[in-house]
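Mind docking chain B on chain A? Use the hints.
Protein sequence lines, in the order shown, are assigned to chains A and B. If you use our numbering, the first sequence closes out at 2141, no skipped numbers anywhere. If you use our numbering, the second sequence closes out at 1263, no skipped numbers anywhere.
Among these hints, one or two may not hold up.
Cross-link-like lysine-lysine pairs, in silico, PhoX-like; alpha carbons within 20 Å at most [as the list claims (entries may be wrong)]:
1) A/K2019 <-> B/K1248
2) B/K1262 <-> A/K2139
3) A/K1986 <-> B/K1251
4) A/K1959 <-> B/K895
5) B/K1262 <-> A/K1547
6) B/K1262 <-> A/K1958
7) B/K1204 <-> A/K1482
8) B/K1069 <-> A/K2134
9) B/K1100 <-> A/K2134
10) A/K2138 <-> B/K1263
11) A/K2040 <-> B/K1100
12) A/K1544 <-> B/K931
13) B/K1072 <-> B/K1248
14) A/K1978 <-> B/K1251
15) A/K1576 <-> B/K754
16) A/K2134 <-> B/K1158
17) A/K2040 <-> B/K1072
18) A/K2019 <-> B/K754
19) B/K669 <-> A/K1959
Simulated from the structure, these hints should not be mistaken for laboratory data.
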Amino acid sequence: MKKTVALTFFFLIFFASSYAVDRALEIKNEMWNSVDKAFVVKDIPQKWAGKSAVIIAQMNRFEYRKALVGNLLRKNQYHHYRIKLIDKNAVDNYAEMSFEVSEPSLEIYVGYKVIKPSGSEVIVDLSRAIKMERSEGNRKIAYNKIAIPGLEPGDILDYYICEEASEPISSSLHFYDPVIYSLPQGYPMMYYKVQFRADRKCYINLKSVNGAPDFKLLTDEKNDEQYYTIEGEELEDADDQRWLYKYRDLPSIKFRAAYARNEAVVTGSDVLLGEKKVAKKNVTVKELEELTANLIKGFTLESTLAFGYLKKHAKANFKGVTDPFELSAKAYYYLRNHTLIENAENKLWLGESPSVSRLTFLKAMHTFLKERKIAHDVIVTADRNISGIDDVIMENELDWLIRVRKGSDYLYLGPFSTHTVAGSFSPMLEGVKAYAMDGLTAPNWKSKQFSMPILKSNDHLSDVTQNVMFADDMVTSTIQVAKVLKGSNKLYEQYYLLDYYDYQAEEEKLFKKEAAKPLKKDQEALKKTYMSKRMPSRYEWLKEYVKENYEFETKEPKDLVVEQTGRFHDKPSFNYSFVFETNELIKKAGPNYIVDIGRLIEAQTKVDKEELDRNTNVYWDHPRAFKHKIVVQIPAGYSVEGIERFNSSTENKYGGFKSNAKIEGNTVVIETLKHYEVNYVPKSDWSTVVEFLNAAYSFNELKLLLKKSN
Amino acid sequence: MLGGFLFIVSTLQAQKNTNITLSESLKTYPENRKAKVVSNRFISHYKFQVAGSQLQVTREDEKDFVSLESNYQHIERIFYNDNLKIEEFSATFTTGKSLWPEKVCGNYEVDNIFYSDSKLCAYRLNFQFEGTTISIKNRVKYDDPKYLTTVFFHDEEPVETREVSFEIPQQVEVELIEKNFEKFNIQKTIQKIGDRNVYKYSISRLAAARQEENSLGWLHFYPHIIVVTKSYATASGKKKVLSSVNDLYEWYNGLVLQVKNDPSQLKAEVERLTNGAKNDLDKIKAIYYWIQDNIKYIAFEDGIAGFKPEAAHQVYLNRYGDCKGMANLTKEMLKLAGFDARLTWIGTNRIPYNYDIPSLSVDNHMVCTVLLNDQRYVLDATEKYIALGKNAERIQGKEMLIEDGVNFIRNTVPVSNESNNLVDRTEVLMLDNKTLKGEGELMMNGESKKSVLYFSTNVRNEDQKRLFHYLAVAEFNNTDKVEVTKIPDIDRDVPLQMKYHFELGNKISAFDNDIYVDIDWNKTYQNLTIEDDRLTDYYFSRKVKTKTTKRFKIPADYTVSHLPASMNKTFEDFSFQITFKLINNEVHYSNEIIVHDGIVKKNRFEAWNECIKQLKEIYSDQVVITKK
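Just chain B, same shape as in the assembly:
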């Protein structure tokens, strides 16, 4: 009897907590095609309040989830840290019955960051049936408003109705900067309620946000609001938060001034490094390259330590540091050597802002700038194997905030063109019976050079040879011969150069009087067809220029009976030039692919994919020679 009663209750409960009509309706929208759960309503309300001399901000989120299939577990994640506290979390069925989801809270570990104060609470929500509805509410509090920087509309799951509102007393000066709104239909209203302004943004039917590979990131694409809290009035007067770049610099510089460097512990090393240097540039290189080689990147983002550099001598002694620590060590060592070196704040290219926006979200990196003979050299010791005068792709074109005592200098990192990243392979091929013999040379510059030098010096000693063989011929058999005749020098200031020769048995196919030769087995970018449903521009992480030139010597008793087609496609942002020519009984093959900014924009995907299709056809074709 009791069992029957429980069953009835359970069934009724189940019926009350499901809305199958809603889930069936949500399933019909293309945005929800792959979704297992949808937020039917997602509201975030930011409330600014002055309490005494403090300005506090709370965020209250409300989400109404509806599952689109049964037996689904959703993990709701809420981040917190030293400045952001979770004050409340609750979950209920639509009947109002409370849920007590399993909760796991703790450090949020990210690759390449040794420690950060970022933490995460994960709540497990069980959706038993299709159409199960669960509502959650949470409240988090920012102890310091400058840490509230960016508000997104999208979520990890699709959202049917999204609202973001800011309730701001008139005594608080906040600027809400709208970014990437153009492609989204976001409605905005402003309402005055008493002494408060309420700014409300709303949008419907958002697809789930997703991290895409080879993307510049969310800030370049998804709509968001940058919250700049400038100042607020208290009974004792106006208090500044971050009203301008001056305030931002003042705060940053204040942290730098707290750092107690002890240059005496660096002196001997600086003298040792610069002793034999012939000129200023050699001295700078000696110090810069030593730091690149000897200081390991280990990132700490622990509260204020996420903004304050570690003392230079400590980084020196530890032989590790994060970007700020390395920049500080670079600066202090260069100062000891007599140079005007300055700490420099900068955002990498994942952040599409400059210092017109006074926000902690504008930068995420620190380098060191040296002023020498009217030149500014940007030194980033986190970049291993980069030459003085060269700048990593990720900071090119980005605005810097260079320290200048109580003032600062705003300046932009120069932008190099794609030739700075040229990868150039030249080979001469000839037939010897059923073997393709050849000699080759590989030159690398820029980002590729950096990567190869890093890998070649960071793989196990025993594996270095294998890496160079791979660079020479990516795929070869154990019966083939591949020998590297010149391994690359570890020299940042010249292009990487490697020479090799090979004898390969698997690149030709002989049929009767014909021999089919696969000239270019690397087939650069042949698989780089961009998915139709990709949301963000495709980013190669570098400007691209690859060039392959091969000369295939035709045996005297053979003649060329077929050459693959050539290709010449030039667009504003990328180009493909592939040619096969018969010159003096040699097939001259040339393949040059350029992506000027390293980006294929979304509106160019179709053209790009057409090129890749044509490219694949050429790669799959063969040079055919026929016995005379």
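Pulled out of the complex, with its shape left as it was, chain A reads as follows:
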């Protein structure tokens, strides 16, 4: 019996290893001996001769299917690249390559060959690869590194990396990871092909956007398969550019497969699947409605508990509140406290952040509003940096929020963080097309299309006042900074300057809880350590903030006072102040002093010469405004010159920069406003944007003269 087992084991190993060898040969043949003419090209177009490298041909194939043997799902990826390396930089980029190591459920097949300008080909010996390993308990992580020999500028590197992975079928409906990417790469491409093959039992979602070629359905008679493919030629490279949403602007594709054991399983919250064998390229409004309804009615423990606590709290505390906005805001803040703050103290000591799923917010809030019969909409849409709602094909592109109605007025309620206020929503949703479904008629609703509002620049505002005083030695400047931040402009600073103890201080009166139990010894120790670092870390952050934004070296900032946290809609601005000193604001110039006053509006965007030509549209996260008021105390014995140059105005429909200066008593008062009025600018108008960016950047370099009085 033992012998039989041993023989079987040996046979299996032998079979597996011989299969791997055969498969490796098969793949090698397919990649390097195919009839695909694009992969034998050696010459590149003259127009790209000055580039670092040119991708002669690129093929990416994704396969999703059930294994022929066993209860396994296969996920295979085949990537083939043929690249002309023109300069040393490209050679450096490809001289050292890495690839994954085969495992029991993952087979890796790779091949590299170098084609010299003479036409000679050298296939890289894979035994040169070096395995890099790390073990963590029973878990081993490894990858291979290989140095490509003989690589020189002018060579072509032709290589493939293929993965054939399998995993047990653990559910009746399995979603493969979605794929979304922009076609332009770091180097220009002469030819590209993307293929997407899926089992007949798979549901397929796919779409080309922003001018990417459409997927074509092809039939592989030999293998009795149908697959989708796109092909294209002559694609320019894409640089990393600021203010670019590449999935909205560059030719991009997205697809996903979902494997279903049988038809019956596709029910409930199974989503946006369409029909088997038919690629789904569009999502209908009805499907969005159904998907949203399924999400709302599905059970989750977290949302059910959250709603239960909210209901109990409302019963005790919301008596007499009838205004729908007031009631829903109270519910919003209670849920925020319950899910993100109430039990967050321990996590804070351990450096962890509390989190809650957006579904919990959506379900608990909607259930509460529905039970109270408060008119509201459930809104489905998509973040504007990911997709327009009409181009959505997968549910992970979608976003939901709630809108409470009072006559023609709306109160938006977005998924919360510890800082968000009732009435706010993600700036990524400003101006996007959306569908609203009446929450009181759920799930039998009919949606209405509308556009989310775009806020004004003053809704995302930084209003900064700075008092500047010079020490008697005219070396050190003291700058008192007072900031009022609104909308999205406050989020970054709130994150660093507020914590659980700030939230708790203002919320403990709102949400009365049982008296906290005395801390255990280990909890006391953790709290003591955290509290000992709490304020020093804030001052350290401010020091870095000054260094990064004013480009001044400073000693420890001081006198940090948070006057308002900005965490409630009736007091929505985050107000704080601090003081810093620097020796870098004032410079001696003979008997006089030059003050680098322009730097006090903080470092402005610099557009480099190379950026002046822009071939993509401009995407800003939201309109926004930055106001600065700088009050400079004129030292006794000095007069001020040069303030007339601080009066400027560069305004257009997309934004602007303006400044003015005046003398008031013994102070110079300079006020500036930089504002972005929109969240999108077509590339044809980029130069208009550069005008006011340049104006603000030039202000950074303006100086004030303190002239010694005679």
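Just chain B now, with coordinates in the frame of chain A:
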């Protein structure tokens, strides 16, 4: 009930494993000011043992950690490799209760080294409370004693009491060479126990060792012991390990002799390269420069391969290699061209030793020496864009071990002075309305030239122009004009030269009748104030000589009303000479900064910082011209 019981146990456990008095006391020492954990006791014991014909060395470490704050995770790292095995690791609380810390072991990856046999085990120790005490013990074994080279006293965390001991049988000859002991109060005792001598070194209150930027490294500063295992006696007689430089060379040379070079595969290339050469030096350059240009540096330090060069033809075919492979290829190609070329071992300037010490720790690099007409040329092909006859800063003044058959030659790499690294910028400036126009020329030599040529040939083709613009004017606006009129030639044998002109709008400020002009916007070294608490000398990675000369033509209707102060500070090791002069209606500005050896020693930090302060004042001042 059960929950209550567990709580009591947990609390008792916590109390037993903490020593708050100790942590409070440790916190008061300045050395521990920034520390989160301290080794209250750190003992390393090296034990030499002859087993049969083999000499083995084990190291046993014991550390007693005390945390100075709660909720701190310390990662204890133990390195190992093909010759060094971790045999044991344990961690316990002071109660004796064992801990089983999470462990991650694997390859230790370092930038610029493609592969090495260096590996690391990292153990995560959780200190729950302030004052938590955890003791660790580990034992590692050296299979070959010549790989035990250097023992440090400092650790990544502060150490309160440090002991290092060596237990050496009398039949084993070991020399313990003490380095950098002068500034540290290290006590040494020697005790004879049976047939063994025990050398014990102890020191108290060590600050955490730290890697500082712009430093020559630990070997120049931290106290350490170089362990030279010379020989040992066995029943079959005396066995040598490394008793002298002769042994070291013998071992190195033995590895070289194992390399199977196939010169026939290099012949055609050598002939192609040397065909048009007019003389011997041109032939050497043709080969040397081709290797610099075409062989990419990819480092392998895999066991014995860390000491044995790869075959020359293999490096040639691969188009990559490490320093040994490149030196070997250089030697073989030059030999084919008829030259007397030799492999040469050398330590870079991070290693402050010479070959008086027979240890693997003396060198870390290999080059090729060519003997021609009583001259010795040192060829280091890992240095890209270095000329024949020039030597990289990192090997200047270092002793070499040059192969000479079964013998060897000890020789020192010549030292150049700072003028070899001169960076010289000359500009002529003039005003045109509110624009500062100018023409400039930049000359670079030595290390800067090497770097610029390397970057200019290794950035993407599309980015080359941007690099040259940056070299001309580091900061300019998109409305300014900067044009490079002569890009540098790729020529190792002449200084790098670049010419440019510019029109800049942001270098002047006009107030009424006055115009303030920022003459020198590069402001060389203005931010180079050295931190007070720096431990090691400041090293610029090169000898420094920078010179900027500018002539600012004053418009006819203006007169100079203010010039910034001049500066003349000359010290033995560095100098600053800055002058502003009005000559023939031109402001002549000159700025020359020299750091002779490229090092500001710790005892000169104060003087250096005073100079930087004065320099900043000059840079922040402006030339003022006033309308007549």
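Hints and how they fare:
1. A/K2019 <-> B/K1248: Answer holds: A/K2019 to B/K1248 is near 13 Å, not above 20 Å.
2. B/K1262 <-> A/K2139: holds, 18 Å
3. A/K1986 <-> B/K1251: holds, 18 Å
4. A/K1959 <-> B/K895: Between A/K1959 and B/K895 the Cα gap is close to 66 Å, so the pair fails against 20 Å, i.e. violated.
5. B/K1262 <-> A/K1547: Violated: B/K1262 and A/K1547 sit about 67 Å apart, past 20 Å.
6. B/K1262 <-> A/K1958: violated, 66 Å
7. B/K1204 <-> A/K1482: Violated, at roughly 49 Å.
8. B/K1069 <-> A/K2134: holds, 14 Å
9. B/K1100 <-> A/K2134: Status violated; Cα separation ~31 Å.
10. A/K2138 <-> B/K1263: holds, 19 Å
11. A/K2040 <-> B/K1100: holds, 12 Å
12. A/K1544 <-> B/K931: holds, 18 Å
13. B/K1072 <-> B/K1248: Cα-Cα ~30 Å, so violated.
14. A/K1978 <-> B/K1251: holds, 18 Å
15. A/K1576 <-> B/K754: holds, 16 Å
16. A/K2134 <-> B/K1158: holds, 18 Å
17. A/K2040 <-> B/K1072: holds, 18 Å
18. A/K2019 <-> B/K754: At roughly 56 Å apart (the allowed maximum being 20 Å), B/K754 and A/K2019 break the hint.
19. B/K669 <-> A/K1959: Distance of about 17 Å is within 20 Å: holds.
Checked against the numbered hints above, the structure breaks hints 4, 5, 6, 7, 9, 13, 18 and satisfies the rest.
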